[in-house]
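Number of protein chains: 2
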Amino acid sequence: MEMIYTIDDLKRYVKGKQDANQTIGFVPTMGYLHEGHTTLIDYAREENDVVVVSVFVNPLQFNDPHDLEAYPRSEAHDTNICAAQDVDVLFMPHAREMYPLEIGVTMTLTKRMGVLCDRTRPGHFGGVLTVLTKLFHLVEPTRVYFGLKDAQQVAVVDLLIQDFNFNIILRQIPTVREPDGLAKSSRNVHLSADERLEAPLIYQALSEARTMITNGERNQQIILSHVQAVINQSRHAEIDYIELLSYPQLEALTSLKGQVILACAVKFEKARLIDNVIIDMKLDA
Amino acid sequence: MEMIYTIDDLKRYVKGKQDANQTIGFVPTMGYLHEGHTTLIDYAREENDVVVVSVFVNPLQFNDPHDLEAYPRSEAHDTNICAAQDVDVLFMPHAREMYPLEIGVTMTLTKRMGVLCDRTRPGHFGGVLTVLTKLFHLVEPTRVYFGLKDAQQVAVVDLLIQDFNFNIILRQIPTVREPDGLAKSSRNVHLSADERLEAPLIYQALSEARTMITNGERNQQIILSHVQAVINQSRHAEIDYIELLSYPQLEALTSLKGQVILACAVKFEKARLIDNVIIDMKLDA
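Going down the list, the protein sequences come from chains F and P.
Reading the first sequence from the start, the letters are residues 1 to 285 in full-length UniProt numbering.
Reading the second sequence from the start, the letters are residues 1 to 285 in full-length UniProt numbering.
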């Protein structure tokens with residue numbers, strides 16, 4: 001595995017692969033890799049000649065400098081995981097390399113916004129789009145891999161690729177779960193023992209609601225109330241939002257049709273967890 | 001010459017050239033081509049295996065829908081000129097092809113703004129960056145060609161390429177002039193006979209100011225006043241702005257050093273003309 005820290009070295013690598021007509025699978029991450037990420041890497045490994053993983057904690061997508069500082073980092077951990085996953089390049093640029101000067105072009109979303117996590121993290125997704133645009137131009141990937149656990153991120157990257165005609169295939173990878181259904185996340189380690197026991201209620205609630213829909217329930221209020229009731233069985237969970245929207249447009253629905261997403265965010269003492277299910281009303285319901 | 005109207009056809013063409021390891025020179029235009037454009041095409045022809053010219057009147061960069069409608073268009077004229085210039089591809093997409101849906105990601109400039117033409121055309125350059133980002137992704141050019149007459153546009157494209165790490169070489173081509181010094185422009189046809197006689201005063205003023213600087217003048221007020229005085233010899237010209245800034249940063253200067261731009265915009269009855277000179281204080285002054 002090649003460790004690359006500079007843009008110049010990365011460009012040289014990419015040029016070499018392009019000249020050899022090799023396809024590049026790209027997994028952009030903020031590091032502290034877990035099984036969610038290794039699943040993305042597995043897909044990338046399967047579908048491309050070479051796999052590039054980036055680890056970059058992007059300052060532009062943090063609203064709070066304390067969050068940015070507190071974000072977990074471990075180069076040794078990430079390097080070991082990538083090496084074990086047969087990754088070809090691990091790109092770990094310093095912030096100075098990615099932002100040598102304050103950025104002069106700002107990206108703002110006017111769609112797929114004002115809902116879900118954007119309510120509490122204004123500006124976050126604009127920062128995500130900026131760093132992804134930079135990384136896409138540096139890696140020039142054939143395919144890029146994102147996990148559906150952060151479905152709004154996937155929807156927003158889908159919009160970026162469409163609106164700006166990026167010549168990149170977006171691969172949306174299903175959420176990886178613990179045996180009890182809890183979505184894998186770096187944040188799960190911050191759950192107390194009691195919270196960890198209760199956290200699977202999130203996916204249980206979403207799964208039960210999905211069954212209600214596939215069994216014919218179409219009243220959105222009844223569906224949302226059920227999710228709320230199940231999650232509220234937890235003594236520690238505090239619901240941030242539960243929403244039912246079109247996917248990937250993320251717009252309110254007058255009736256359930258097309259693809260819909262049922263998504264929620266739940267706060268525990270030291271961790272805010274998100275999860276969702278996506279239902280194709282034609283195929284599944 | 002190939003005429004291409006759709007994104008799919010363009011992508012197929014570009015893929016073919018990439019597979020053959022050919023370099024692509026790209027000249028993005030809004031059509032109604034004149035000698036300013038053909039000079040850009042000449043440079044592109046000289047430096048690349050294939051030359052792609054786009055003609056697209058970008059609705060996103062017009063503040064006023066009447067301006068957009070009134071913008072001169074002639075497919076036959078542009079086709080003839082490109083064919084005569086040995087262009088390989090003329091890409092003329094319909095607005096529906098470039099913007100099938102309202103765009104959901106907006107680009108805003110926070111640098112190189114608030115000066116020169118941005119004062120009177122708010123949002124214009126954001127629209128320029130959006131369409132160029134799309135076109136750059138579609139054409140995937142090795143080199144892209146812009147004329148220095150619109151130096152702010154060049155500065156802003158330079159910022160776009162840097163900030164977002166586009167893998168594209170920006171070629172800044174000197175302004176093409178009439179024998180009497182007037183910068184070539186599609187707008188010159190809107191000058192009355194009297195105005196046309198006076199319009200060369202603009203470049204005369206800028207040239208004299210450049211000579212003042214190379215001869216040692218460093219007082220910005222004296223330099224700007226001289227430009228003003230020369231242009232005001234015209235009975236019909238109304239000065240919009242005259243500015244002396246760093247280039248390409250477009251920031252006010254406490255003293256003249258590095259590269260500086262002396263730029264102005266002048267209104268006649270039916271045409272607003274812009275022009276500039278760029279001076280390297282180390283080499284030229």
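Worth flagging that the hints you see were computed from the coordinates, not collected in a lab.
A portion of the hints provided could be inaccurate.
[As the list claims (entries may be wrong)] Reference listing, derived: stretches of chain F covered by chain P, where coverage requires no fewer than 3 residues with Cβ under 8 Å from a Cβ of chain P:
{"id": "1", "stretch": "104-115"}
{"id": "2", "stretch": "130-139"}
{"id": "3", "stretch": "188-200"}
[Unchecked claim] Here are the computed distance ranges between Cβ atoms for each label pair:
{"id": "4", "chain 1": "F", "residue 1": "Ser186", "chain 2": "P", "residue 2": "Arg96", "range": "53 to 59 Å"}
{"id": "5", "chain 1": "F", "residue 1": "Pro122", "chain 2": "P", "residue 2": "Gly123", "range": "19 to 25 Å"}
{"id": "6", "chain 1": "F", "residue 1": "Ala83", "chain 2": "P", "residue 2": "Thr214", "range": "56 to 62 Å"}
{"id": "7", "chain 1": "P", "residue 1": "Asn167", "chain 2": "F", "residue 2": "Ala83", "range": "26 to 32 Å"}
{"id": "8", "chain 1": "P", "residue 1": "Asp86", "chain 2": "F", "residue 2": "Thr108", "range": "40 to 46 Å"}
{"id": "9", "chain 1": "P", "residue 1": "Tyr241", "chain 2": "F", "residue 2": "Thr108", "range": "25 to 31 Å"}
{"id": "10", "chain 1": "P", "residue 1": "Asn63", "chain 2": "F", "residue 2": "Glu217", "range": "44 to 50 Å"}
{"id": "11", "chain 1": "P", "residue 1": "Asp86", "chain 2": "F", "residue 2": "Ala83", "range": "47 to 53 Å"}
{"id": "12", "chain 1": "F", "residue 1": "Glu102", "chain 2": "P", "residue 2": "Asn219", "range": "28 to 34 Å"}
[What the hints assert, rightly or not] In the BS3-like style, the derived pairs of lysine-lysine whose C-alpha atoms are separated by at most 30 Å in a straight line are:
{"id": "13", "chain 1": "F", "residue 1": "Lys282", "chain 2": "F", "residue 2": "Lys184"}
{"id": "14", "chain 1": "P", "residue 1": "Lys15", "chain 2": "F", "residue 2": "Lys17"}
{"id": "15", "chain 1": "P", "residue 1": "Lys111", "chain 2": "P", "residue 2": "Lys267"}
{"id": "16", "chain 1": "F", "residue 1": "Lys17", "chain 2": "P", "residue 2": "Lys17"}
{"id": "17", "chain 1": "F", "residue 1": "Lys111", "chain 2": "P", "residue 2": "Lys111"}
{"id": "18", "chain 1": "F", "residue 1": "Lys11", "chain 2": "P", "residue 2": "Lys111"}
{"id": "19", "chain 1": "P", "residue 1": "Lys111", "chain 2": "P", "residue 2": "Lys257"}
{"id": "20", "chain 1": "P", "residue 1": "Lys282", "chain 2": "P", "residue 2": "Lys184"}
{"id": "21", "chain 1": "P", "residue 1": "Lys184", "chain 2": "P", "residue 2": "Lys111"}
{"id": "22", "chain 1": "F", "residue 1": "Lys15", "chain 2": "P", "residue 2": "Lys184"}
{"id": "23", "chain 1": "F", "residue 1": "Lys257", "chain 2": "F", "residue 2": "Lys111"}
{"id": "24", "chain 1": "F", "residue 1": "Lys184", "chain 2": "F", "residue 2": "Lys270"}
{"id": "25", "chain 1": "F", "residue 1": "Lys11", "chain 2": "P", "residue 2": "Lys15"}
{"id": "26", "chain 1": "P", "residue 1": "Lys15", "chain 2": "P", "residue 2": "Lys282"}
{"id": "27", "chain 1": "P", "residue 1": "Lys270", "chain 2": "P", "residue 2": "Lys184"}
{"id": "28", "chain 1": "F", "residue 1": "Lys257", "chain 2": "F", "residue 2": "Lys282"}
{"id": "29", "chain 1": "F", "residue 1": "Lys15", "chain 2": "P", "residue 2": "Lys15"}
{"id": "30", "chain 1": "F", "residue 1": "Lys111", "chain 2": "F", "residue 2": "Lys15"}
{"id": "31", "chain 1": "F", "residue 1": "Lys111", "chain 2": "P", "residue 2": "Lys11"}
{"id": "32", "chain 1": "F", "residue 1": "Lys11", "chain 2": "P", "residue 2": "Lys270"}
{"id": "33", "chain 1": "F", "residue 1": "Lys282", "chain 2": "F", "residue 2": "Lys111"}
{"id": "34", "chain 1": "F", "residue 1": "Lys184", "chain 2": "F", "residue 2": "Lys15"}
{"id": "35", "chain 1": "F", "residue 1": "Lys11", "chain 2": "P", "residue 2": "Lys257"}
{"id": "36", "chain 1": "P", "residue 1": "Lys17", "chain 2": "P", "residue 2": "Lys111"}
{"id": "37", "chain 1": "F", "residue 1": "Lys15", "chain 2": "P", "residue 2": "Lys17"}
{"id": "38", "chain 1": "F", "residue 1": "Lys17", "chain 2": "P", "residue 2": "Lys267"}
{"id": "39", "chain 1": "P", "residue 1": "Lys257", "chain 2": "P", "residue 2": "Lys282"}
{"id": "40", "chain 1": "F", "residue 1": "Lys184", "chain 2": "F", "residue 2": "Lys257"}
For clarity, every value in this text was computed on a predicted model and none was experimentally measured.
Just so you know, even glycine gets a beta-carbon here, dropped at the ideal spot from N, CA and C.
Checked hints:
Counting residues of the stretch 104-115 of chain F whose beta carbon lies closer than 8 Å to any beta carbon of chain P gives 9, which meets the minimum of three for the stated coverage. Only when three residues or more bring their CB closer than 8 Å to a CB of chain P does the claim for the stretch 130-139 of chain F stand; here the count is 5, and the claim holds. Beta-carbon proximity to chain P at under 8 Å applies to 0 residues in the stretch 188-200 of chain F; the threshold of 3 is not reached and the given coverage is violated. Against the hinted window of 53 to 59 Å, the Cβ-Cβ separation of F:Ser186 and P:Arg96 comes to about 43 Å, which falls outside the hint.
Distance hint for F:Pro122 and P:Gly123: a CB-CB separation of about 21 Å, consistent with the stated range 19 to 25 Å. Judged by the Cβ atoms, the range 56 to 62 Å given for F:Ala83 and P:Thr214 holds: they are separated by roughly 59 Å. Take P:Asn167 and F:Ala83: their Cβ atoms lie about 28 Å apart, and the range 26 to 32 Å holds. Distance hint check for P:Asp86 and F:Thr108: the Cβ-Cβ separation is about 41 Å, which falls inside the suggested range of 40 to 46 Å.
A hinted range of 25 to 31 Å holds for the C-beta pair P:Tyr241 and F:Thr108, which are about 28 Å apart. Between P:Asn63 and F:Glu217 the C-beta distance comes to about 49 Å, which sits within the given range of 44 to 50 Å. Here the CB-CB span from P:Asp86 to F:Ala83 is close to 51 Å, well matched to the stated 47 to 53 Å. Look at F:Glu102 against P:Asn219: about 31 Å separates their beta carbons, and that is inside 28 to 34 Å.
A C-alpha spacing of about 28 Å is found between F:Lys282 and F:Lys184, which places the hinted pair at or below 30 Å, so the restraint holds. With a C-alpha separation of about 16 Å, the suggested pair P:Lys15 and F:Lys17 falls inside the 30 Å cut-off, and the hint holds. Our distance criterion of 30 Å between C-alpha atoms is met by P:Lys111 and P:Lys267, whose separation comes to about 26 Å. Pair hint F:Lys17 plus P:Lys17 holds up; C-alpha atoms about 17 Å apart against a cutoff of 30 Å.
Between F:Lys111 and P:Lys111 the CA atoms are separated by roughly 25 Å; this keeps the pair inside 30 Å, and the hint holds. With a C-alpha separation of about 26 Å, the suggested pairing of F:Lys11 with P:Lys111 holds against the 30 Å cut-off. Distance restraint check for P:Lys111 and P:Lys257: the Cα-Cα separation of roughly 19 Å lies within the 30 Å cut-off, and the hinted pair is therefore satisfied. Distance check on the hinted pair: P:Lys282 and P:Lys184 sit about 29 Å apart at the alpha-carbon level, within 30 Å; holds.
Of the pairs offered as hints, the one joining P:Lys184 and P:Lys111 holds, with about 28 Å between alpha carbons and a cut-off of 30 Å not exceeded. As the CA atoms of F:Lys15 and P:Lys184 are separated by approximately 39 Å, the hinted pair breaks the 30 Å bound. Distance hint between F:Lys257 and F:Lys111 is fulfilled; the C-alpha atoms sit about 19 Å from each other, no more than 30 Å. A hinted pair counts as satisfied when its Cα atoms are at most 30 Å apart, and F:Lys184 with F:Lys270 qualifies at roughly 16 Å.
With a C-alpha separation of about 20 Å, the suggested pairing of F:Lys11 with P:Lys15 holds against the 30 Å cut-off. A threshold of 30 Å between alpha carbons decides the hint, and for P:Lys15 with P:Lys282 the separation of about 43 Å lies outside it, so the pair is violated. Note on P:Lys270 and P:Lys184: the hinted pairing holds, with a Cα-Cα distance of about 16 Å set against a maximum of 30 Å. Annotation: proposed proximity of F:Lys257 to F:Lys282 holds, straight-line Cα distance about 7 Å (limit 30 Å).
Using a Cα cut-off of 30 Å, the hinted pair F:Lys15 and P:Lys15 holds, with the two alpha carbons roughly 16 Å apart. The straight-line distance between the Cα atoms of F:Lys111 and F:Lys15 is roughly 34 Å, outside the 30 Å bound, and the hint therefore fails. Distance restraint check for F:Lys111 and P:Lys11: the Cα-Cα separation of roughly 26 Å lies within the 30 Å cut-off, and the hinted pair is therefore satisfied. For the hint linking F:Lys11 to P:Lys270, the alpha-carbon distance of about 48 Å lies beyond 30 Å, and the restraint is violated.
Under the criterion of a C-alpha separation no larger than 30 Å, the hint pairing F:Lys282 with F:Lys111 is consistent with the structure, at around 24 Å. Of the pairs offered as hints, the one joining F:Lys184 and F:Lys15 is violated, with about 35 Å between alpha carbons and a cut-off of 30 Å exceeded. Using a Cα cut-off of 30 Å, the hinted pair F:Lys11 and P:Lys257 is violated, with the two alpha carbons roughly 33 Å apart. Between P:Lys17 and P:Lys111 the alpha-carbon distance is near 35 Å, which puts this suggested pair outside the 30 Å criterion.
Distance restraint check for F:Lys15 and P:Lys17: the Cα-Cα separation of roughly 16 Å lies within the 30 Å cut-off, and the hinted pair is therefore satisfied. Under the criterion of a C-alpha separation no larger than 30 Å, the hint pairing F:Lys17 with P:Lys267 is inconsistent with the structure, at around 52 Å. As the CA atoms of P:Lys257 and P:Lys282 are separated by approximately 7 Å, the hinted pair is consistent with the 30 Å bound. A threshold of 30 Å between alpha carbons decides the hint, and for F:Lys184 with F:Lys257 the separation of about 29 Å falls inside it, so the pair holds.
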